[in-house]
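Got chain A sorted already, so can you dock chain B onto it with the hints?
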Amino acid sequence: MKPVRLLSLLPFVLLVACDGCEPAKVSPDDTGPVTDDTSAPPDACDDHAGELLCVEGRAVTCDEAGDVASEDECVEAVCEDGRGCVACTVDLADAFVLEADEDSVGVVLVANPLGPTAPFEQLRLVSRAIDVSAAAGGVSLSVDGLGVALFDPDGQQVHGELALDASALPATVFVVGELAGAEAQLVVSHGQDGCEAVGDSLRLRVAALPGLAGGALEAYPWFSFHQAFEITHPVLAAVDPGRLPDRIGLEAEVWVVEHKSPEAWAADPTLVDVTGGAESLTVAASTLADSQVVAWALPADPGVDLLQGYDLVLDFDGDGALGPGDLIDGLSVQDAGFSVFGDLTAPGPYAVEQVQYSGGNWMGQRTYYPEDIAALGLLPLVVISHGNGHNYTWYDYLGEHLASWGYVVMAHQNNTGPGIETASTTTLTNTDYLLGNLSSIAGGALEGHIDGAAVVWIGHSRGGEGVVRAYDRIVDGGYRPNNYGAEDIVLISSIAPTVFNSVADSDPHDVPYHLMAGAADGDVSGSPDCTQCEFFRIAAAARGPLQITYVQGAGHNDFNCCGFDDATGPVQIGRPEAQQLAKAYYLALLGWYLDDIPAAAEYFQRLYDDLRPSALAPTTVVASVYRAAAASDKLVLDDFQLGLTPDASSSGGVVAIDADDVAEDGLQDGDSRFSWSASDEMNGMTWADDRLDLDRGLVLGWASGAEASIDWEVPAGQGDWRSWSTLSFRACQVTRHPNTVALGVPLDFTVTLVDGAGAESAVAFGSWGGLNQPYQRSGSGQGAGWANEFETVRIPLHAFDAEGASLDFSDIVAVRFDLGGPFGSATGQIGVDDLEVLP
Amino acid sequence: MRLARSLLFGLMLAAPPVLAGSPPPVVDQAVLPLPVDDLVAVRSFQLEEARPYAWMKGHEPIRAGLLLAVDAEPALCLPRQVAEPVIYVGGVPAERLATDWTSGRLLLLVPGEPDLAALPLHFGNPALPERIDVEQGEAALAAAREAGILAFSPARVQAARDAGGQELRLRDGRALDFAVAAWIEAWAPEESERAHSLRAPSPGSE
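Going down the list, the protein sequences come from chains A and B.
For the first sequence, position 777 (counting from the first letter as 1) is numbered 777 according to this note's numbering, and the numbering increases by one without interruption.
For the second sequence, position 171 (counting from the first letter as 1) is numbered 171 according to this note's numbering, and the numbering increases by one without interruption.
Just chain A, with the same shape it has in the complex (with noise of 0.2 Å):
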């Protein structure tokens, strides 16, 4: 059933007066004004009795005995035959908006997701449809500003005027917003003579559609639009009404769809629901909070496909299928609107083989692969480099786990014992052993099933700085392997890696480079008094793109199957729980890099405490760190690399501080030990090692009942926002800090962004989680509290301007945090570091 339509879908007829006019007299079929002036030739009636003519321009009565009854001259008028003088009318109208508001509030499109070049057939999904009409004679239209496009009736771009005339009306065309924060007018003219003075207009707008998916926050901005879904919790949806406020009071139905390609979307735009039937939404005229609605409740197990993705879409026009007006999460060629994730560390669809067999000295290898995999493509390769006085027999959770997923995981036989040199050319010879003998391994069974180019790394231990050794050694070093080269490592993971080497030796480089470690490793402990221990030293040097999984409570050979309990420290979790967690990370990693499942990555991207695999147990706490990689493209405003005083940016700002206890500086622990001292200000810091490498940050507090900000300028120059998407920086608390002692808690705070003209719209981010307490492990020195642990928040731009908070994007001048009880924690010591805007 068809939802009540607010709105009559005719079009208003529009007078526009002519100001400074005399009015006209009206004529006497009341179509237009008139004049009295009698000039048509007498003959003017010969052979049209009875008949309303035009004769150049003036409307001729003629009657019976076919002689000139009247005469009149049209005036804001066009003469038509059998018609006479009609009124000079153009009206513009959209389906949605009203008369009285189309100046006002004015057509909201939508920013084009697809690029300019993109085809119509797929542009008229996200346009708005414009119908064009006159009373009389034709028009002429075009778009007054920048950032709108403007389509034919035939679905052709417009490039300065338009002109239909009177035969081609009532036509319709079509707008695309091109850029958002775009404001422009399409105006209609009159092309008649005599109606130069008519015309008619529309106020376009552009906002970005920041998607419909998510879920509900409590606190501004109430809604956080996301990709990712675990199947524990419903798919919302939601419209901002102060994005697009000619939506509000608008009922729209609401379908989960498959998700399909635009071009897909353009041959058939048909709508078929996924969930058993469409919900419906009507856009509140207050809040975020008031205009969402539940889109998927989400069944406990629905035989979810991890690759499945889903658009969803609201139809506002009812007509069940999308097009024009309607609004839609996922028009995009790579990414869907959102997905859901089941059970990451359920057993995937294939069976798993298991081969053991050996090359040769130091050549032992246990390979796991889809029993099925005669009929698949080719997949990706996981090898795996154990850790010293490890077995690769000891990785059987994580290979039959990721092969039964489509992963063809291999284990080998990893010479760590002499060294980390020793283990990187296990590494590299291991690797270049399988994909040299697929012709006998397995009988054969993997030859022509496995993707030279997407092989993946993961180490343990000694092996987990030997993959990322083995790496450098083929970029650096001048290694050549047989069978692969660097460019088809894809990714290189490593679980609580030693550090033996200068990280120049044991570098990432710009490789996508995974860290995951466990707060309570009793051997690679990350202890500050132990330079092989501090892990964190690897990630700093990575130059792609970094993430790190930092689980508290977990000991080193949770990651193994067999090795001795080295785990110290409070809440253990186990080694099932942190296998699970091995599990799901890893599942999502690869999916991420080498599925093309985008929304994986908010695994990594958000905070833990906002997205988390559903099988893991609810007391696991996770620190997350992702760093888009060096050379991308990001506006970084702060990383605190050159060795600057706290009051410069490393972009060149001023940064105004309020706080207490501020140094920027190494992020290295100055006393090798985690007790706190006022003369240890990066107390907890991991991150670097002043005599091999150095990560810098900045650090900072505030007492309880006090507030304190920092307060960063946009370097003049980078405060065009409108291309970025996501505001980003990564922040932790300072163990054993009294300020964190005496929180003992999550911390949290409130990002502000300024613009130009003093505005500010500021965003608690509370709301999506908090920067974990250090885990309370005692040891190295007085006190509980291991080292710190950063995390990555990320604020997607568009939750600054939620509900139309008039924030002017173009012209951002400053970032500021603030700190304090009325915006977040009451009290808390932090370390900040990598303040980014990304795209």
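Hints were generated in silico from the structure; no laboratory data involved.
Predicted model only: the values in this text are computed from it and were never measured.
Hints are supplied without guarantee of correctness; some may be wrong.
As the list claims (entries may be wrong) - Pair ranges (Cβ atoms, derived): (1) B:193 x A:307: 32 to 40 Å; (2) A:596 x B:193: 52 to 60 Å; (3) B:37 x A:778: 31 to 39 Å; (4) A:360 x B:169: 17 to 25 Å.
From the three backbone atoms N, C-alpha and C, an ideal C-beta is built for every residue, glycine too.
Same frame as chain A, but now just chain B:
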């Protein structure tokens, strides 16, 4: 040797209590060098094809060596990821083959034909063996001698050789893997899984 061992026990007692089943605490470097407690078995081998020896910087590939089974303090045997005490035969780091840290049984491979009655077996400072060169090895030996660590007696060495069996004549490193597997099963049966993995068949015969 007894004094050093008493010192080690003392240091361990000063450490946090070790729970049953828990690994021993990390050895304080200050107590090193320390001796190997006992030489249990020795077996020599010869290789037709040389096999690399990565446990010492710049060491030539080997065509001969010794398989050893020794007993030591469990804390010294525990395989760690961070630098662990290097085991020397004289001034040459020994290759760790297998470790049963619960009992303190270590299986080692030593290159060449060192005189075990003249060269002490000892634990030196934590390091990565691949970085230890000849000069550093000699310094470690000197430190061990200075600490009073002595070689095993000729009788003890002979008894160990008798227990270990006759010399092996092997083709290459792969064959040596199989011999090491048997050595593990004989002298550190707790590590039999490692032995099994060494015996993995060649591809195509899995």
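Status of each hint after checking the structure:
no., hint, verdict
1, B:193 x A:307: 32 to 40 Å, "36 Å, holds"
2, A:596 x B:193: 52 to 60 Å, "39 Å, violated"
3, B:37 x A:778: 31 to 39 Å, "33 Å, holds"
4, A:360 x B:169: 17 to 25 Å, "19 Å, holds"
Comparing the model with each numbered hint stated earlier shows that hint 2 is the single one that does not hold.
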